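A.B. asks: Quick note, the sequences are listed as chains A and B, same order.
Going by the working numbering, 102 is the number at position 102 of the first sequence; the sequence numbering is gapless.
Going by the working numbering, 163 is the number at position 163 of the second sequence; the sequence numbering is gapless.
Heads up, a few of these hints could be off.
Here are the simulated BS3-like cross-link-like pairs (lysine-lysine), alpha carbons at most 30 Å apart as the crow flies [as the list claims (entries may be wrong)]:
#, chain 1, residue 1, chain 2, residue 2
1, A, K45, B, K173
2, B, K173, A, K46
3, B, K173, A, K53
4, B, K256, A, K46
5, A, K5, A, K278
6, B, K5, B, K269
These aren't lab readings, by the way, just hints derived from the structure by calculation.
The structure presented is a predicted model; accordingly, all values stated were derived computationally and were not measured.
There are 2 protein chains.
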Amino acid sequence: MVQRKIIQWRKNQVKIDRFILDKQKFIDSKLIELVGDLQAPGHLKKAFDYAIKAGGKRLRPILMMSTYEGFSNSIDKVTHPALALEFIHTYSLIHDDLPAMDDDDLRRGQPTLHREFDEATAILVGDGLLTYAFQLISSSPNLEAEEKIYVIQQLSQASGIDGMIGGQYLDLKAENEEIDEYELSTIHNKKTGALIQAAIKVGAYLGGATPPQIESLQSFGYYLGLIFQVQDDLLDVEGDATQLGKPIGSDVAKNKSTYPKLLGLQEAKKRKSQYMEKAKEAYIASNVDQPYLLQLIDVFGNRSN
Amino acid sequence: MVQRKIIQWRKNQVKIDRFILDKQKFIDSKLIELVGDLQAPGHLKKAFDYAIKAGGKRLRPILMMSTYEGFSNSIDKVTHPALALEFIHTYSLIHDDLPAMDDDDLRRGQPTLHREFDEATAILVGDGLLTYAFQLISSSPNLEAEEKIYVIQQLSQASGIDGMIGGQYLDLKAENEEIDEYELSTIHNKKTGALIQAAIKVGAYLGGATPPQIESLQSFGYYLGLIFQVQDDLLDVEGDATQLGKPIGSDVAKNKSTYPKLLGLQEAKKRKSQYMEKAKEAYIASNVDQPYLLQLIDVFGNRSN
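Same shape as in the complex, but just chain A (with noise of 0.2 Å):
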């Protein structure tokens, strides 16, 4: 019986390795595509190429093309508003890393755009994939109007100033600040939960689900921001490097208030628990059948980088 369950959940993390594996080289060939046709003078396309091509998990355009596919076979319609979703994630990265917000040198193991070019360039990339975004969407030969106009609604608003550029002022602006749980929770629902829940919502209104599926889902979407987020403050502790391709300690480093610093590890581990356990619970009150949704909450959880 044990066994058995063993046997199971064997075979459902290699469909999931293997679904996310499939999207991921989509999603990638995808962008490469997008960002080849990009009208760019020399220099400038080099550097786009190299933020696309840095790679990355690619998680928020997964989300919501599962989300998408718990509702329809086709996914025509997901794939432009996926990608332009993963340009505006990029853009974020790319501003934040900036010497004047969190100063980094490295992304993904590899040097971030401001070293490998120069910051003027930096910030012209993330204001170009940011313009792109909405660009791709209003260009878009899958969509009707009205679904381009909540696409770009969603995403304007969960990446603008309530979203995540307000989230990522209050997260530079707690660094050395005494904050508490509500604090640093609101922090993050802004800086990385609002795209995450943006991301769910625009995959299942295009699929089209039911507005008491969305409002669901949208809660397994709040869930699915807080997991992400204390797992990544628990890898900033306990993480490998190498895998995550950029030193740990940095938080502790920068003063930064975080769930261990706050909670400590184990209770932090706790709270990650209790959000996995709200998420599952919100996932089967949408009604939806997507069992990878359901894996993609460990997948979120229990990630290496």
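Based on these hints, arrange chain B on the given structure of chain A.
C.D. replies: Then chain B, alone, in the frame of chain A:
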């Protein structure tokens, strides 16, 4: 006869000055209202206020609104796109002023945003204004979905990698380089011309212009962009620092390619006159009855700030 012409010219002058002033007041009040409603954390909100209250000529939204009014009497449809355009323009100035870019300390007689606040805040305010522009258009209650998509397409393209961002990149790289007049006009068509053209195209489209009218007006916008830039270069040589709100001679100091440097002062002025003539021809070809557009050619060509 001559005297009557002068009187008529003065009357027109008073009318266009009043027209611009009224539009500026309207745009400023709407910008302040929108920024007042932004959900941004405390100090970041102050930075958005600062960015907007620093003022500006508001030439781009005025151009969009004037074109629109050549075709339609209601201003409902054009207001949000015009404000979004000004947010995009404002973001571009904030990022261009950054130390890694043009490294400017003064803008409109006041410290640039990164001098008044800090670089991180300036990067985030720029990102925020750009994102908010698309949020504003996509959420406008005054536009049909198809209209929103058209506006987003035009503005994202003009301000994007093949437009404003590419132009800024080329402009930075051209410092200390020898370039010819063709390369110089390419830079400026991308950096400032594209967004001026988009302003006019969007105004015409929303007002209900026919495709041939839009085409003529796009050509009108093309020359207006060139006039704007030649005058910008001339002001940096012959302008008044107090009126400009920034020191003159900064192009020379940065060893920038400009029209006066490339062609000489007299030839640059002649080029401006030729472009003003071309703009008038394009206006006449468009067959729109909006005399303010004609007068805006003079405003662009003879502005002192």
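A.B. asks: Is the straight-line distance between the alpha-carbon of K45 (chain A) and that of K173 (chain B) 30 Å or less?
C.D. replies: holds (14 Å)
A.B. asks: Keeping to a limit of 30 Å between CA atoms, is the pair of K256 (chain B) and K46 (chain A) held or broken?
C.D. replies: Holds, at about 24 Å.
A.B. asks: Hint check: K5 (chain A) vs K278 (chain A), CA-CA at most 30 Å. Holds or violated?
C.D. replies: This hinted pair holds, its Cα atoms lying about 23 Å apart.
A.B. asks: Within 30 Å, alpha carbon to alpha carbon, are K5 (chain B) and K269 (chain B)?
C.D. replies: Measuring from Cα to Cα gives roughly 24 Å; hence the hint holds.
A.B. asks: Regarding the pair K173 (chain B) and K46 (chain A), is the alpha-carbon distance no greater than 30 Å?
C.D. replies: holds (15 Å)
A.B. asks: For the pair we were handed, K173 (chain B) and K53 (chain A), check the Cα-Cα distance against 30 Å.
C.D. replies: Satisfied, since the Cα-Cα distance of roughly 24 Å is no more than 30 Å.
The structure agrees with every numbered hint stated previously.
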